[in-house]
Amino acid sequence: MLNKNKKILPFLYLLPTAILLLVFMIVPILYTFYLSFFDWNLIAPTKEFVGLKNYVEVFTDPINQKVILNTLIYILFLIVLNFVIPYFISLIVKFFIKKMQGAYKVLFFIPSLFSLVVGAMLFTWILNPVSGPIAYLMKSLGMTMPNWSNSGILAITVICFITNWKVFGYNFILLLTGLGSIPANIIDAAKIDGIPKWKLIWNVILPMNRGIAIYVLILTIVQGLQYVFTPINVITTGGPYYGSSNIIYQTYLNAFVLYKTGTSSALAIVTFIVFLVLLFIEIRFVEGKAKNYA
Amino acid sequence: MLKKINLWHVLLIMLVLGAVVPILFMISNSFKTLRDSYTTMLNLIPIHPTVNNYLLLNKQINLLGLTWNTFFMATIVTIGKLLTGLLTAYAFRSYQFKGKIIIYLLFVATIFVPFTIVMIPNYLVISKLGLLNNILGVALPQLCDATGIMIFLKTMEKIPNTLIDAAKIDDIPNRKIFFNIVIPILKPSIVSVGAIFFINSWNEYVWPTLILKDKASFTLPLALQNYISSEGGTNFPLAMALSTIMVILPLIIYLIFQKYILNSISNSGLK
Chain B
1 MLNKNKKILP FLYLLPTAIL LLVFMIVPIL YTFYLSFFDW NLIAPTKEFV
51 GLKNYVEVFT DPINQKVILN TLIYILFLIV LNFVIPYFIS LIVKFFIKKM
101 QGAYKVLFFI PSLFSLVVGA MLFTWILNPV SGPIAYLMKS LGMTMPNWSN
151 SGILAITVIC FITNWKVFGY NFILLLTGLG SIPANIIDAA KIDGIPKWKL
201 IWNVILPMNR GIAIYVLILT IVQGLQYVFT PINVITTGGP YYGSSNIIYQ
251 TYLNAFVLYK TGTSSALAIV TFIVFLVLLF IEIRFVEGKA KNYA
Chain P
1 MLKKINLWHV LLIMLVLGAV VPILFMISNS FKTLRDSYTT MLNLIPIHPT
51 VNNYLLLNKQ INLLGLTWNT FFMATIVTIG KLLTGLLTAY AFRSYQFKGK
101 IIIYLLFVAT IFVPFTIVMI PNYLVISKLG LLNNILGVAL PQLCDATGIM
151 IFLKTMEKIP NTLIDAAKID DIPNRKIFFN IVIPILKPSI VSVGAIFFIN
201 SWNEYVWPTL ILKDKASFTL PLALQNYISS EGGTNFPLAM ALSTIMVILP
251 LIIYLIFQKY ILNSISNSGL K
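Protein chains in written order, with the working numbering: chain B, 1 to 294; chain P, 1 to 271.
In short, the hints are calculated from the structure, not lab data.
Be a bit skeptical, because a hint or two may be false.
Claimed, not checked - Here are the simulated distance ranges between beta carbons: (1) B:204 x P:169: 41 to 49 Å; (2) B:97 x P:258: 29 to 37 Å; (3) B:59 x P:14: 20 to 28 Å.
Said to hold, decoys possible - Just some of the chain P residues that point at chain B, by a computed CB distance under 8 Å: (4) 16; (5) 57; (6) 141; (7) 205.
Note that the Cβ used here is the ideal one computed from N, Cα and C, for glycine as well.
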């Protein structure tokens, strides 16, 4: 009896999580996969089987093509703003200054506490082309502020800066922690040998910190594309003419605005497949820990 | 050399100001009249300080109700995620069982599931349960998150095996090991993870957007959204007053638990 109990017990502890994952994640993923082969509108009693049509549309429909291109632009901007710059700053804080490291950590993190809706509000104020402070300063210099929400690429830039405002401190802390776990004697040895700092960083530190860097890089893409959903929905709703939409936002539009669950599901599945590829990279390079449970 | 170091501080301080100054302007403008918010835009101290924006806001929307909705949702999500996370991490820490690595990788994988792939089925389930426009309906999908499990697991691994083994040999029931040994050791990380969960859920936007359509059921971020328009018609002092209300609680939590929170985030990245 006791033995049997011991075997069942761990599964009992896992049960709540398992039920949640099953009901709100695993079954939904399968159901979305199923929906991607049908035309449906969320309400009609019947669904029409259309085979791979929805998947073909993902890649041939001109709007979807535009959205996929936008998604790549988003990824590029997000990598530069939310990965490269925080990484650069974390290297500076770790290796080029001696004081106030703790203070920078505390201060940089503050915007991470706030809603992206607050961020969207602040940036629409700061960058308001008529009455915002930047427009005000530009006017006094004799310049005019472009109406950025009328241009897809400018809107994407602003939206990426909004997520940068929120995510910067978080990513900065993760990367700084990674740098902190590099053994001090390696850094000291290089100092004694008189190796220049940037050379040390390029040849030793960056390769040693690769695990956490790849983790943050992948997080930047996977979470970033989902984070931008909020400012897109609050500020542009994907406009002008899908110019600031990305694959995540288009999936939402198709489902809950256009009521095309088939197209929406196919877009979601394509997104998921891309994310799964990133997951495999993550496991390959970062999740060495999984071995402990083998 | 000294000069060079100073220059880096100049850059870093400028970045800090870029991150924090907008928030200071937000708080300042929420105490300005609409007119002053245009004419004395760059004054950090309002010339004619007023709380009228807050009073007007309270007339236009049910501030107390919205705040309660948001607080209630964040509390349910925090408690739910802490409980499931602690139980799951404990099972991983104390037992050997088949499929452990598969389940572990499944947890890692949940981070890579875009919300778009679960949103239609979850919307249908919540609607079938009759929980549309209900705070419970918006809390349930948020519970499905493995980040807590991962952080707790890392902390539990630091508990020496001998401690738990000794307790097991003494035939102390698992329930007691969990509550009397594991939980007290984990207290700091429970506090910090709980604080992070609460703040994240307090700010949650996606699920409320999908599930809450009735204004009475709104959370604060949804209410704020209605005060923002890209066409420039926004009454910014009003929007900023609502934003200020929204950021107070996360700021207080951060001020109290700042050290724990930053440690937990650091740990979540350590592999």
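Of the hints given before, which are not true for this structure? 2, 3 and 5
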